[in-house]
Amino acid sequence: MGQSEEVARKLLLQIARTQERELDCGEVFAVLDEYTEAIVAGRDVELQFALVMQHLELCPDCLEEYEALLSVLQTKH
Amino acid sequence: MIKWKVYSTAEMATTDRTNEQWIEELSEPGEAQEIALSDLRAIIMRGLPFALSKWLKPSDPHFESLSEEVAQDTLLRVLDSMHGFEGRSKFTTWVHKIAVRIALTELRRKRWRDVSLDELTENAPGEGPRGILAAHEAGPDIVAEQSDMIEHLQRVITEELTDKQREALIATRIHGMPMEEVARRMGTNRNALYKLLHDARQRMKTRLEEEGLSPEDVLAAFEAG
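Here the protein sequences line up with chains R and B, keeping their order. Under numbering that gives the first Met the number 0, the first residue of the first sequence carries the number 0, and numbering increases by one thereafter. Under numbering that gives the first Met the number 0, the first residue of the second sequence carries the number 0, and numbering increases by one thereafter.
Calculated directly from the structure, the hints in this document are not laboratory data. Errors might be hidden in some of the hints.
Stated by the list, open to error - Which residues of chain R face chain B? A partial, calculated answer using Cβ under 7 Å:
| hint | residue |
| --- | --- |
| 1 | E33 |
| 2 | Q53 |
| 3 | E56 |
| 4 | T74 |
What the hints assert, rightly or not - Result set (DSS-like, lysine-lysine): computed pairs, CA atoms no more than 27 Å apart in a straight line:
| hint | chain 1 | residue 1 | chain 2 | residue 2 |
| --- | --- | --- | --- | --- |
| 5 | B | K163 | B | K194 |
| 6 | B | K89 | R | K9 |
| 7 | B | K109 | B | K163 |
| 8 | B | K53 | B | K89 |
| 9 | B | K53 | B | K109 |
| 10 | B | K109 | B | K56 |
| 11 | B | K194 | B | K89 |
| 12 | R | K9 | B | K163 |
| 13 | B | K194 | R | K9 |
Think of the CB as a built atom: it goes at the ideal place given N, C-alpha and C, for glycine as much as any other residue.
Chain B with its partners taken away, still in its complex shape (with noise of 0.2 Å):
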């Protein structure tokens, strides 16, 4: 037996679905699907405005087509994923999850589209090809301990990383460049670099520890400054 549940527009404004109630309605096509889908999108179109608050304003002019571009994607990306909601937190949390990493995928990938990874890893001229942090200037402060500190991660970088782990560390350390912008550029996923650069943390630690140097330790020089 089908159950239609029509909603009056009254009721529909102060009516909050369960989250069975949202399952059960975008579950087949039909008319309740087609309410249901109408009220989510409305859902993520109230909420984009603060998700995307330190990105861009409502009033800015693309605005709104990225907002209707991001709630279409994301209504996409439910209905297609519905089956894997575990119900651990609330429908409409979880679908301004999907939005907001959607949304910010794209602004992101905007952002970043016309910056290579070699412009950002090249070396500086004068410099070697591995200086991470070489690369920049020393404060005009500088102690000798922070520069003979300096010296040695850098040694550590060399000798410790793979070429692969400086190029991703130079990129989104140095350059903040977002994990998704590199991961693509280097033929890889988000989550294969963030595991890439988990190693090299894990390098340099153990390298530390080893020469009797805890992080901490090694900090203190720089807390001084």
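Isolated chain R (complex conformation) (with noise of 0.2 Å):
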């Protein structure tokens, strides 16, 4: 694939991801650390955390700083 049918498939996929209500940077911030909690203790979090989820699918920034924060918590030190 070209770039520029690789940026549009990736911008469709954004399109297709979008709704209605999404949490800004801010709103998943303040609950990333109950968030990645959840994760490692490997609880359910697809009813409470829903948003959270869909606002890191569409932010690279916020998914970033999940990731950094999962290893941190996964890692015994």
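Please dock the two separately framed chains into a single complex, following the hints provided.
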């Protein structure tokens, strides 16, 4: 795939995932600790954190922060 | 009555504080606070190599000074906003979260320091001012449906979005510029930028749906490629 197809494809994926109500980065950051702990503990997050997960699919920066926090919590040190 | 908790080194190593203990010991200046801050600093420092593993290794010459700076700023932020800690996670998790945000913000700032918004959103020679998609190369095997779809999507972008939205889209989606970096250059903040992009996505989605095209339908044209 050339660049323009790839850009278009990614953009369309984002458009497809777009919802009327989305959390902004601040709202996600506020519960990121709670969410990440739930993931590490293996708890079901679909119900309580659906909007958080949706935001993480659409926001690479928040996703990166989540993954970094996850790395910290998953490592016993 | 002031309650002092003095731990021996051995006890400190094995005793985890409860959230309440952290809050209590950090609240008042004094010896207990100093010990708690010192312990918290060590906890932050132990977590940073894992948090930053995709950015730089502990052996990197910049790692140590960055860690020190991040730990210091994190402790200050913690003391400042402790009253807002709601106890829905472990206190140390909450602290790690703050450290991660501070560290990544700094790393992103450094990486993008010399990049201006103009150079990212400037037109490629020979391209129209709004050619987000057209500015890139089509692949050699591009089929008619994909080519049509790209043109269509480009038209939607040109007709439905504001100049600011196009600028934000190019910077974040095409060039991968971090949200805070883009926001600062646009004179706004991360949350407002997110809302701007959300609105842009909604406009594109609505327009496509008005034309009888669900994003999934459109995506199907690209899956085959």
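Now for the hints, and whether the structure bears them out:
1. E33: Since the shortest Cβ distance to chain B is 5 Å, the answer is holds.
2. Q53: Nearest chain B Cβ about 11 Å off; hint violated.
3. E56: violated (12 Å)
4. T74: Because about 5 Å separates R:T74 from the closest Cβ in chain B, which is inside the 7 Å limit, the hint holds.
5. B:K163 - B:K194: It holds: about 12 Å lies between the C-alpha atoms, which stays within 27 Å.
6. B:K89 - R:K9: violated (36 Å)
7. B:K109 - B:K163: Distance of about 24 Å is within 27 Å: holds.
8. B:K53 - B:K89: Holds, at roughly 25 Å.
9. B:K53 - B:K109: holds (15 Å)
10. B:K109 - B:K56: This hinted pair holds, its Cα atoms lying about 16 Å apart.
11. B:K194 - B:K89: violated (30 Å)
12. R:K9 - B:K163: Roughly 20 Å between the alpha carbons, so the hint for R:K9 and B:K163 holds.
13. B:K194 - R:K9: holds (19 Å)
In the structure shown, a violation is registered for the earlier hints numbered 2, 3, 6, 11, in ascending order.
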